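Engineer: Listed below, chain by chain, are the residues.
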Amino acid sequence: MDSHLVARGVKRASPGRFVMWIIPWTLILAIGLYATYLCLSRGLNQTNMDNRFAFGLWIFLDLSVIALGAGAFFTGFLVYILKRDELRAVINSAVVLGFICYSGAVLVLMVDVGQPLRAWFTFWHPNVHSMLTEVTFCITCYLTVLAIEYAPVVLKNRKLKEIPGFLVFEFELHKVMPILAGVGTFLSFFHQGSLGGLYGVLQGRPFAFREGIAIWPSTFFLFIISAAAAGPSFILLSTWMVSRLSRKKLVSENVYRLLAKISGALLTVYVFLKSIDTLTWLNRTAPGFGLSGMSFFLWAPFNVWILFVEIIVFGLIPAMLMLVGSGKLRLGWLVLSSSLVCCGILLNRFVMTIQTLALPTLAFDKFMLYTPSWQEVATFLFVVAYGTIIYSLSFRYLRLFPQETDLKQNPRRS
Amino acid sequence: MLPWVYGFTWETGNVLFLTIFYVVSGVILAACGIAARRALRDLKSTRIDEIKWHVDFEDIPSFAKTCRHVFTGELSNRVCHNGFDCRTCKLHADLTEVSRPTAPLDPPHSRSTHKIGTSVFGLRMPADRLYHRGHTWVRRESDGKLTVGLDDFGERMIGRASTPEFPSVGTKLVTNGTGWFFRRGESRIRILSPVEGKVVAVGGRGNGFYLRVDTGNDCDLRHLLKGVEIQPWIMTELERLEIALSTEEAGVSLADGGELVEDMPANYPGADWDSLLGEVFLEP
Amino acid sequence: MANNDSRNFPVVAEPEQKFSKARYGMIIDLDRCTGCGACLVACAIENNVPPDPPTSTERTGITPIRVYRADNGKSFPDNESVFFPVSCQQCDHHAPCVSVCPQKAVEVDPTTGIVGQIPVRCLGCRYCMAACPYHARYFNWWDPVWPKGMEEALNPDVSPRMRGVVEKCNFCFHRLQAARTKAAAEGKREIDPADYVPACVEACPAKAMTFGDLLDEDSEVSRLSKDRISFRLLENLGTGPKVYYRSEREWVRTLGEEVVATKGNVHG
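Chains as they are written, first to last, in this note's numbering: chain A, 3 to 416; chain B, 117 to 400; chain C, 730 to 997.
Rather than coming from a laboratory, the hints here were simulated on the basis of the structure.
Just so it is clear, the structure is predicted and the values come from calculations on it, not from any experiment.
Glycine residues also receive a C-beta, built at the ideal position from the N, C-alpha and C atoms.
There is no bait here: all hints are sound.
In silico lysine-lysine, DSSO-like type, Cα no more than 30 Å apart, as pairs:
1. B:K181 with A:K85
2. A:K163 with B:K314
3. B:K160 with A:K161
4. A:K263 with A:K330
5. A:K368 with C:K936
6. A:K13 with B:K181
7. A:K410 with A:K177
8. A:K161 with B:K314
9. A:K161 with B:K288
10. B:K314 with B:K206
11. A:K263 with A:K251
12. B:K342 with A:K410
13. B:K288 with A:K177
To give an idea of the chain A side of the interface with chain C (calculated C-beta under 10 Å), a few residues:
14. L111
15. L293
16. T363
17. D367
Put together the whole structure using the sequences plus the hints.
Structural biologist: Below, the structure written as structure tokens:
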């Protein structure tokens, strides 16, 4: 039925099966859309956020998807700037994932702010001292870059490339891609860092506050490295999942191993720096405020276990598995490690957002928690469903994995 | 954001930040602008066929892009990165200079080449002509014009049920651009042009040729396969086809030790012929 | 972390300063505060804070000044409690909310030291709320709605805030403007300190709150702020608040100054 839209030489599920896969996601999308409508029309009283928990599930989601989407900039950097041609096998998929993550984050941010129509104020009256200004500028620019990087992948669709205009535009866009990849890398470095800086500069929140270099707190650098480490892991994990779901070999095994190696190396650096940062904070920054850093971990459920899990279970263990075992271990272990890395980045973003806000600062104040409302959860799932649908459509109609036909034809090479 | 906007300051941080922002936006815009301008220029030019081949070539599986010097045994493993255009390939120039001091194209009456050249795995591949990777052949006629046809492999793959769609006489062809089409039901299969030149006549299946091309005085045909390269090339092609067929859900495979029957589509109606023909005629 | 003494208020050069530079501050005597909540009510009335809708909770309502209750954690008969009225602390040094706002919707008035929120420029991102250690900022979760007839009683000097923006105490800045207008009309360059008193200070029945210019050596706030028993909330964070608290009781002073210490008996 739609076979003339599917790239030649690859097999995709029958239209019926594809529709059956899309329908549940569309339902979630519709529910999420309704929740979004409620939040926009009736206001943020539809959420369970409050004056104390001014940031909630959505900000956690934004930080998380942007960290996971870092695979796009980092793979682009490796392919176009450092010329690691092996990673061309996943670059298209990485760009699509990056585009989904960033556009999803922007969508949720637009619901999250109280007056979305005033978003342009940040551009018109920028306060350059705010990390959020840097984030807003960089994410806007980078989303534009991602959209431009996504365009050639779309234009290469079998039907679209029959139109000469699209064909030559794709060809010419491809030539300027290294420039865009360079700009994207620059922008990504800054906004990933600024997202970390967002919390690191909070002098009024001793749990989040970090000392640093010049205007940048240490979280600025930690967020860059952790995002760069998690990006390749997320690509590994997503490629493996798509490969399992579609029952196809999409990239050769050495690509998985290379991704694991890059992720493992960066994660090792991150775990090392994160440990130094944590120790500095416990022994210098916190006592500087006249308190013991460990006192923050007295409040259940966020006890010391959270620190242990973040640094050891989701940090050191996958880092060692991937660094040492990227060449030897079975693929399953690498997939497991990369899912640990992804969990680790989610936990880190959770700690920075939720734990920071849950902890009291005034001695006569309480420790507080909040449970998101169904509208918040539905909007969260809206982004997940949106991402799944965009990715599924891209996987079906665009050539996300250039090696796929190759691997089908020449199984010996894998 | 701008100096005349209320609240703007000439503070270093502010100026630095906004300058970086304007530079980044400028670079993004300029990159897109350049791409768009070049695209418009390309659209007006005659380079579209060339670009299409360039774009397509990237998507051709690397097994299909095996270098011709692998067929001759000069290299053990190499994938072509030059769009099958040996005329501009440095490696090709180097290799032909070193290892082929004698003319590689043996006269057609020579017994040994006759054997290799005429019947390859049951396919008629006469050695009096040059072959293009997209399964067309080229023969220089006495009047200096070139005759272009579909080789036996291509002929069997395309089947009797497809009808050719020719370019009009006078059309300029580009090497690896579109030669002509075959229509098979709803799908349209592009046949790559093996040479560049002007179409002077069109033929058909019954005529023994498809196109007659005037290439002018200096025609360079070094990029086409010939002589001893043909047999290993056909072997690779058969292997490719075998793999492509075996991954079909129909689960078919070539009969009789891997030989092609006369009309493949008619004999294997269950296979995905659109995909197979795209594979064979190098249109991913 | 340096413990910045914000008594050295930065001198901000103003080209044509109509009124002399001031640093307005407030002293709250915790030993006098009865926790009656009159300041809350007076503030809400003065600043056109709409009544909270029925679905609101204590965590979503708008209370530019909020009274916390805490006790010394001992059981009867040694149990003692204290009320902390907490409004915006008008940080003078590195006000956490000012630097984080992406669009300059929070500004410190250089002549008065009052931290002002510009609701019409606020995006509602709530980053300032996450940054404020005193939880003194409030978000308008609902559209402001007044019961029929009550809009007649709105204060014409204060514009109501729309849904989706952040607001907070601004020391009733409109009262300062009124005092200045009055002074200007009388041809004076200084306002009469008696003309500028925020609504909460005015309303306190226990006279627990004192308001004035901290730079003015003769003012009562200046004298009380330097008192032995005066302290500021979370002094260690170095934000230099201009709201001072006083208590003769040692445990109250410790409770206010320290940054998250023990899990004492606290009641929001």
